[in-house]
Structure formats: structure tokens, C-alpha cells
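Visitor: Sequence:
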Amino acid sequence: MDVPLPHLDRLFDYLVPAELADQAVPGTRVKVRFGRQLVDGWLLERAQSSTHDKQLAYLEKLVSPEPVLAPEVARLARAVADRYAGTLADVLRLAVPPRHARTEREPDPAAANADAADDRTGLEPPASAEASPDHAAESAPQNPATGPNDHQSDGNAARVPGAGWCDYPTGPAFLRALREGRPARAVWSALAGEDWARRYAEAIAATVAGGRGAVVVVADGRDLDRLDAALTAELGTGRHVCLSAAAGPTKRYRAFLAARRGRVAAVIGTRAAMFAPVDNLGLVAIFDDGDDLHAEARAPYPHAREVLLTRAQLAGAAALLGGFTRTAEAQLLVETGWAKEIAADRATVRARTPAVAPTGDDPQLARDPGAETARLPSLAWQAARAALAADAPVLVQVPRRGYLPAVSCGDCRTPARCDQCAGPLALGSAQAAPACRWCGHVATAHTCPHCGGRRLRAAVTGARRTAEELGRAFTGVPVRTSGREEVLTEVPGEAGLVVATPGAEPVAVGGYGAVLLLDTWALLTRADLRAGEEALRRWLTAAALARPAAAGGRVVVVADGSLAAVQALLRWDPAWFAARELAERRELGFPPAMRMASVTGAAEAVGALLAQARLPAEAEQLGPVPAGDDKERMLVRVPRRRAPELATALRDAAALRSVRKAADPVRIQVDPLTLF
DNA sequence: TCAATCCGTATC
DNA sequence: ATACGGATTGAC
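Numbering (the numbering used here), first residue to last: 553 to 1228.
Don't read these hints as lab results, they were simulated from the structure. Beta carbons are placed, not taken as given, at the ideal position from N, Cα and C, and that holds for glycine. Heads up, a few of these hints could be off.
Calculated pairs, DSSO-like style, for lysine-lysine (alpha carbon to alpha carbon, straight line, at most 30 angstroms) [to be verified]: (1) Lys613 to Lys583; (2) Lys1213 to Lys1183; (3) Lys583 to Lys803; (4) Lys606 to Lys583; (5) Lys1213 to Lys583; (6) Lys803 to Lys613.
Here are the in silico distance ranges between beta carbons for each label pair [said to hold, decoys possible]: (7) Thr603 to Cys718: 56 to 64 angstroms; (8) Ser1114 to Gly788: 48 to 56 angstroms; (9) Ala1154 to His559: 38 to 46 angstroms.
Kindly generate the complete structure, drawing on both the sequences and the hints.
Guide: Structural data, given as C-alpha cells:
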């Protein structure tokens, strides 16, 4: 029922008029009379009888005979609504794109092309791929890989798919599991320079060869284009569709329908694709799950990674989480044994990785005489000059402006944390003492746990470095920029400077000779739980575009080499960093070690909701902290095993409020992306 | 005594 | 949300 009220988030029984008996099937959109009004709804199941003791009303209308909501997606949507303390109607709005009647009536492009490209996949991996840790899940016995969409292959193709996975000891076994339809789950650490899109395309092809479907989510349109090209090379055309909101309503609905009608075996897309219907789902995958674009901005704010993992669990599908870096959430999957690790051995990592060096900190930078013009430390100068001299392109990564005025230790610069709840300290607008962004506790006397220092300093924003500045510094070298306004996909493999913001770094033909990571200070001192993780994610993503050290590839990071995130970059060891990060969050009681939820709204409303919520006994409340517009925010945290109870309690409390017509809205967010 | 209003409950 | 019924309050 498409009504926004949480207390109406349940099923209602209606009679089906005889003339709709054949067409009104589960998954169709309907209109029903509900109270006095006509509302949109979903037909979720047909039944012989009802437990409702009063007179039933008839379905008013069948909006369309198209059963757009697949049973698997309906179950998933319910689970996602429950997990995020939201309503089914909200999740279904995200899961099923708006109807486009004209597109529905278009002649269905025959399923003919599903046969055409058949023999391009389905080969066994090379025989060298032996060692096979068992990726199969401990639960869920596998349904045989048969179905209406069964693209079996006789495997007489000329190419060798999946050979690139042989760089990773457990890679071939994972691909074999996909081909055999087993629900293997993996966290993959991509090597520097890895053609991740091609690896993903191979994983999809293996799944399809095993007769099952795949849903793959990437962060942005550029990654999607890359994966689309790789998958087209792997599968040919007509066997997959791209689903993204950016394509516009018509194209989006057309792609959606093709998937729902079982015309394609794979759907790839941005987060809009996380709910895409695919017959006989065998693989869900996400690339770069640390990118915050994976977090949905509409209620109930589900994260693509969590949706896909839930989906894998419910559908008995395999799961692949890959990236150049590793999130604490992915690390948790590895440590709990839910997923297996796919990573290259150290020798291979060393052979593929550029030489990475830190330059030290701001003070050193200021002392550097050559640094005046473009504020480049001498090491960065040298690396850039050497690369340009070798006619190689140089990438300069510059963070975008915008950060929170965090506070750190005046001596060692460790970010200052609240001694009550370990939240980040920050300066308010006034010249008052810094206060905790989470619990509001005012830090009158802070002592740094790292060095014992008692002085505090505000973290200043990094200077905005411009392409012109660099252009002046390196006269005669072409300078390109890639960022918000214009994002470059690829640059030629010749001498030139590329200034890019994180996420907009173009690939260089043959790899960059040097990658300079500037202004790291602002990134590292952001008052954010994920500051270190995010910094490393951005650095590794950019540094992965450099040539291996043996081919002259160098990376210079303008940061203090003793910081953990910098260490992880120097050693090219994201798994080490993720394990460290997760351990720290366990210690401090942060996600993903604990489950958190935020409740935002007018002070009385927030207070009232939490007062009547039947929270689990272990629940801790932090706050309130001001949230702008006369609003405030409370955080609730519980151990992971109490997460379902927390969501239920918050949902029930919201339902109680809505039934009592509470006017001022309260926003509930489970796993809020930022914790303040 | 009637009606205006408040509150809790139901909406198949 | 929107509507309804029952209880409560207020004014004639």
C-alpha cells in the first residue's frame, strides 16, 4: 500500500474481480480503495481465503498486467525495510522505477540474441589454478542451475576467460564456484594497475555460463561505462543491461523491463540497480564499497553493500566485494568468516606496485625552498620531473574543499576525541571550548592519549592548489584538469600534468610515471569516523593508476609517514589497515563493530520517540547534539546481535507516533553515513 | 439537552 | 492521511 504511514506498513486483503482473475498476479501494481481514498498498491500474493473477518473490498483496478515486482525482490525489500526501520512502500519506490506505459507496450525485442553469443564463455580456468579454499557458504543448499534463462555453454571458445584471476591464489577457485552455481562469497583486494572491470566482467561471465544471473553495482557513471565495455567484450551484446537513474526514465524503465522479463542474464549499474530483478540470481557484486555514492539518499537510506549482502543471503547467491582498498565492513565479513579473502601474495603485490614515499608534514613543507610557488615538497618535484623527463604523464590528486573544523592535539596532531564517548571534538562557532559532535560533552581539559599533550589546535583547511599554479611551476608542460565540471576518462601516455579531484582521476595509457597526493592534511583530520579509511581509499585508487616501480612508477604522498593510513599506502596493504581500523572501532564501540542509529528532529519529538521506544537493554544513547534548524540529533548504539531489535523498536516507536498524528517529523537513520 | 471538540481506533 | 464513534465539555 503506497501510504507513507509506518503503522500502515502491512498487508491488506482484497477480493479479485473475476475479469482480473488471470491478470492480477503477484508483483503487479494495483489501485484499491483504502478508507475513503483510492491508493496505489502492490499485489504481493494471491490466496484462497482471508483471515480478515469483515467484508473485503474488491481491487479497484489493475494498473498494468506487468508483474514488475519479482518475488525475490519483494522479499528483499521487506528485509531491507526491516533492517533500516523503514517502510516497505519506501523501499519499493527505490526498487521499482516509475512506470512508463509506452515503454511497456513496445514490441518485446525477441529473446533471440540470448542464444547468439552463447559460446563466448564457459571455459574451465587454466589447469594451473589448483589450491581451492572452499568458498561455498555453510548454509543454503544450492538449487540446480536451471531455469528459463539457462545459458549453458559447450565451451568451445577461443579465449581463456578469467586468466587475470590467476594473479590471486584463491581467485580461480572463486570463479569455478561461480561457474558451478555455488554461493561463494569473496572480498577482493585488487592489485595496483588491475583492470578491475575486466575481472568483474569475467566473474559475471562465469556466473552466466553456470546458468545463473548477476547484479553488479558500481559507484558512478564512469565506472559503469568501464564495466559495460568490459562486459560487452566478455558476453557480447544483448545479454546484459545498464541500469542507472542518470539514463532517464524511459531508458531506465526499458532496461528494467528487459531484466524483469528475463531477457538478460546480468544487470550492471549504479546504486539504482541494487534491487534489479534478475532470474535465478547467482551473483551480486559491488566495486569500491567505500565510496559514499553507494549510500542511498532517500528513506530509509539503504547502502548498496548491505542491500546486496542481504540479497546474497536471501537468494543463495554468491557475493563479490572488490576494490583497491578494503572497508572495515568488508573486513568484518572476512573476520567473521562470512566471506573469503581474494588477495595476491606479497611478492606479486611488490612486483605490481609503484614505489611510494611520504614527504613528511607541513613544517617540512614550509622549510622547502623550492616549494614556494606551487607548495610542492622537493620529493614531489623530483618525482614529477623525473616522470615528465621520461615522457610519462603525472597525476596530481587534490582534495576538494569542504571539511569540518575538527580539533587535534597541538603537539602530535592526533585527532582529539571525547573522553565520554570517544566521538570527535570540534570547535563550535563561538570561541568556546571544543565540544563532542556526538554526545555534546564539552572538553574543558583534554589530554592527548597518544602523547599526553594538553594543547589543542584547529585543523586548518588545505590551500587550494590550482592547475595554473602547477602550470607556472612546470612551464611548457600541458596541464589538464579533471573534476566536478569535467571528468576525463583517459589521458595519453605522454608527458603532461593531470590535476584531478578524488574520484575523477583519468586512466593514463600505460600508467602514470608519477602520482602526487597533495593536501592530505585536511583529509586526515576531518572529524569523521572514516577519515583514515577514506584517505587511504582515495590514495590507493589514484596510486593504482601508476606504473609498477620496476617501470619507474612513483607515488609521493604529502603526509607524515608514521600515520597508519600512510603506512598502509607505503606497504600497499589495505587488509592490514582494515583489520587495524576494525579493531579500533571494536575498542571504541563504533560501526561496524556496533550498530548505530540516529534520530533527528525537534528536541521534544526526538525525546518523546526515544522515551517510548522499547530499546534493547544494552542500548546506549549519545547526545543530544544540535543538528541545525532548531533540530537535534541523538545516537543510539547497540551490539550487532541486537541490531534487529533496535530497528524494530525504532520502527514501532515511529509507528506509534504516526498513529497518534504527531506532527513534527523525526528522521530515523540506521547506519548513518556520518555520525554527526 | 444538543452540539462542538477531543481522542483513540480503523482503514481490507 | 481521513473518517468515525464514543466520551467529554460547554452553552443554552
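Visitor: Does the structure keep Lys803 and Lys613 at a Cα separation of 30 angstroms or less?
Guide: Holds. Lys803 to Lys613 sits at ~26 angstroms (cutoff 30 angstroms).
Visitor: Tell me if the beta carbons of Ser1114 and Gly788 are separated by a distance inside 48 to 56 angstroms.
Guide: Once the Cβ atoms are compared, 51 angstroms apart, the range 48 to 56 angstroms for Gly788 and Ser1114 holds.
Visitor: Keeping to a limit of 30 angstroms between CA atoms, is the pair of Lys606 and Lys583 held or broken?
Guide: holds, 20 angstroms
Visitor: Is Lys583 within 30 angstroms of Lys803, Cα to Cα?
Guide: holds, 25 angstroms
Visitor: Please verify whether Lys1213 and Lys583 have alpha carbons no more than 30 angstroms apart.
Guide: With Cα atoms ~25 angstroms apart, Lys1213 and Lys583 stay inside 30 angstroms; holds.
Visitor: What's the verdict on Lys613 and Lys583, does the C-alpha distance respect the 30 angstroms limit or exceed it?
Guide: Holds, at roughly 5 angstroms.
Visitor: Assess, step by step, whether the Cα of Lys1213 is no farther than 30 angstroms from the Cα of Lys1183, and give holds or violated.
Guide: holds, 19 angstroms
Visitor: Measuring from beta carbon to beta carbon, are Ala1154 and His559 in 38 to 46 angstroms?
Guide: Given a distance of about 20 angstroms, which is not inside 38 to 46 angstroms, the answer is violated.
Visitor: Falls inside 56 to 64 angstroms, the C-beta gap from Thr603 to Cys718?
Guide: Once the Cβ atoms are compared, 57 angstroms apart, the range 56 to 64 angstroms for Cys718 and Thr603 holds.
Taken one by one, the earlier hints fail for this structure only at number 9.
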